Structures are given as structure tokens and as C-alpha cells.
Amino acid sequence: MRDPIAIGLFGFAVPLFILGAMFYGSVPMAGLGSELAICFSFGAAAMFVGGFLTFQMPNSYVATVFFTYGAFFLALGITGADGSLAMTMKSSPQLLSVWFSLMAVITVIFMLAAFRLNVALVIMFGVLAAAFILFVVGDVKLAAMLFMVDAVIGFYLGAVHIINPVMGHALLPVGSLARKAA
Numbered sequence: 001m002r003d004p005i006a007i008g009l010f011g012f013a014v015p016l017f018i019l020g021a022m023f024y025g026s027v028p029m030a031g032l033g034s035e036l037a038i039c040f041s042f043g044a045a046a047m048f049v050g051g052f053l054t055f056q057m058p059n060s061y062v063a064t065v066f067f068t069y070g071a072f073f074l075a076l077g078i079t080g081a082d083g084s085l086a087m088t089m090k091s092s093p094q095l096l097s098v099w100f101s102l103m104a105v106i107t108v109i110f111m112l113a114a115f116r117l118n119v120a121l122v123i124m125f126g127v128l129a130a131a132f133i134l135f136v137v138g139d140v141k142l143a144a145m146l147f148m149v150d151a152v153i154g155f156y157l158g159a160v161h162i163i164n165p166v167m168g169h170a171l172l173p174v175g176s177l178a179r180k181a182a
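Okay, so the sequence shown: first residue is 1 according to my numbering, each after it adds one.
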């Protein structure tokens, strides 16, 4: 019953939800310092731990996902902590557009692979890719809302990896897309 995937999923969901709430305007940007600490500790750290623990799995897909978004939160935290994120947002927003565009491309790759896994992952990556794209085109409010929706999906998937093994059956469905053996 050792399943470290929930660690990475919660590390993904917590900072993503708060980040979305801040960009949406539900949480004041004055709390940005705390959000950066959450990106470092709960985001990057939990996702890296989840990545290291899942790296032993037969397929490196999960570890790659955790390391990728863990690095995203780490970079976000570092650039925010030293003030360069705010400066970049003002002086060179194109850099953030390129970064978020690349994150959208990576996310679409993860989504395509998820079509062999389950519907919940496909939706999670699809929503996240849409959020990154919306940030790039300047619809920050809608992108922020999608970040929060995506975080809720991440919480659900984390719960799946805790509750289903404890219950001994799939109490929380994910919509398996795995091919059945012939």
C-alpha cells in the first residue's frame, strides 16, 4: 500500500490553488511572500519528494511530471523571492509568455500520455494547459480560475491515491483508459 503519488499531487494542488486565488483577486497580492514560501516548501519540496519516490516505478512518467512542476514552482519561488518576477512582469512580459508557452507544450505532452491512463489526468492536464495558454494571451482572470479548478482536480487525484488503497477498492473513480489485456 506504499503509494507516494499523493505527496506530489498535494504538492501540486496547494500552491496552484493559492496562486490562482491571488491572480483571480480572491487573495491579496500582499500575501505573495507567503505564496512563494509555499511554492518552495509545499510545492517544489513535496513534488521533488514525490518524484524521487515514484522514480522507482516501472514507468518514469509520474516522476517526470512531479519533477517538471516541482521545478516550475521552484523557479517561481526563486524569481519571486529575489524580486525578479515582478520586474520581469513589468519590463519583459514576453519572457513569462515564453515560459508559460513552454509549460503549456509540456503539459500537452503529459496530457497526451494520460490518454493511456485515466480521464481525470486527461482533464487535469487539459485544464492546466488551457490555463497556461490563457495567461500567455492575457486572460489572467480566467487562467487563474482554471488554476483553482485544476488544483481541485489535483486534490481529488491525491485523495484517490490515499482513499482507494485504504478502502481496498476504487471508491473514488478516475475513469480508467488503460488497455485491457486480450
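Derived from the structure by calculation, the hints contain no laboratory data.
Here the structure is a predicted model, which is why all the values come from computation and not from measurement.
No residue lacks a Cβ here, since even glycine has one placed at the ideal position from N, Cα and C.
Be aware that one or more of the hints could be misleading.
Distance condition first, Cα-Cα at most 25 Å in a straight line; then the derived SDA-like pairs of lysine to any residue [stated by the list, open to error]:
id, residue 1, residue 2
1, Lys141, Lys180
2, Lys90, Met22
3, Lys180, His169
4, Lys90, Val136
5, Lys90, Phe23
Using C-beta positions, here's what the derived DEER-type ranges look like [claimed, not checked]:
id, residue 1, residue 2, range
6, Met29, Ser176, 19 to 25 Å
7, Ala37, Met87, 15 to 21 Å
8, Ala170, Gly25, 33 to 39 Å
9, Val98, Ala159, 15 to 21 Å
10, Ile109, Asp139, 19 to 25 Å
11, Gly25, Lys180, 29 to 35 Å
Going back to the hint list, which numbers does this structure go against?
Hints 1, 6, 9, 11 contradicted; others consistent.
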